[in-house]
Amino acid sequence: MRRGKRQAHRRKRKARKLALQPLEARKMLAADIGFSDGWIHVSGTEQDDLVEMYEQDGQIVVSALERDATGATVDKNDAVFDAGEVVGVFFEGNAGNDVFVNDTDVRVVARGGAGDDTLLGGFGNDILTGGNDADFLAAGAIGDVLLGGAGENVLFEMEPPAVAEPLAPVDDSSAEDTSPSSDDSSDPLDGVCLDTPEWTTEQLAEMDDASLETDDVADDVVDVSDD
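Here numbering that gives the first Met the number 0 is used: the first residue of the sequence shown is 0, the next is one more, and so on.
Think of the hints as simulated: they come from the structure by calculation, not from any bench.
Mixed in with the good hints there might be a few duds.
[Unchecked claim] Label-pair ranges, simulated between beta-carbon atoms:
| no. | residue 1 | residue 2 | range |
| --- | --- | --- | --- |
| 1 | Trp38 | Val153 | 25 to 31 Å |
| 2 | Ala133 | Gln58 | 31 to 37 Å |
| 3 | Glu156 | Glu84 | 28 to 34 Å |
Glycine included, each C-beta is placed from N, C-alpha and C at the ideal position.
Please take these sequences and the hints and turn them into a complete structure.
Structure representation (structure tokens):
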């Protein structure tokens, strides 16, 4: 019985060098904007976010910008929603010095989070919470609630207008009309006592003679101014 010898053939494996595979570039949006159950949800980044919402042609427009430390715009994200379907807006600024502006009558719940944030309320009943650090909060309507949180905050609240007291009605019934009536034919001097002297005939004749004598004297006066 023949036994053959079998040589073991080992395959040589090529050594592979470890290297990092390049990843596809992912675009990070300025802010995450979503919609659920009538509420618009806006979540800011860790950088400085500028979010503004306004109404145009029956739609609520949310415009978000991400800015770097120099104030330059890094990225932008916009979203449009039907105004009739929007119940409210919830904004979470997260880190960074964020700015949120509500230029609508849609109610808003806004939280600035960390950083020096600026929150401006709209024409509805908003709740603005600054969070940590020094924040600036300004109400846009009388019903807004401002909560500064920790830090040196500046709050501007709307005060209701002063109500003027109503004027008391004028009672014309007690006033007497002293003006003469057009139908009154009586003499307005009736009842008025005039203290006038009663001249006799003799006194009147004497006054006439005195006036005549005065006229005669005036005729006898000679003008000597030319002399």
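Against the structure, the hints come out as follows:
1. A hinted range of 25 to 31 Å holds for the C-beta pair tryptophan 38 and valine 153, which are about 28 Å apart.
2. Between alanine 133 and glutamine 58 the Cβ separation comes to about 35 Å, which falls inside the hinted range of 31 to 37 Å.
3. For the hinted restraint 28 to 34 Å between glutamate 156 and glutamate 84, the CB-CB distance of approximately 31 Å keeps it satisfied.
The earlier numbered hints are all upheld by this structure, with none contradicted.
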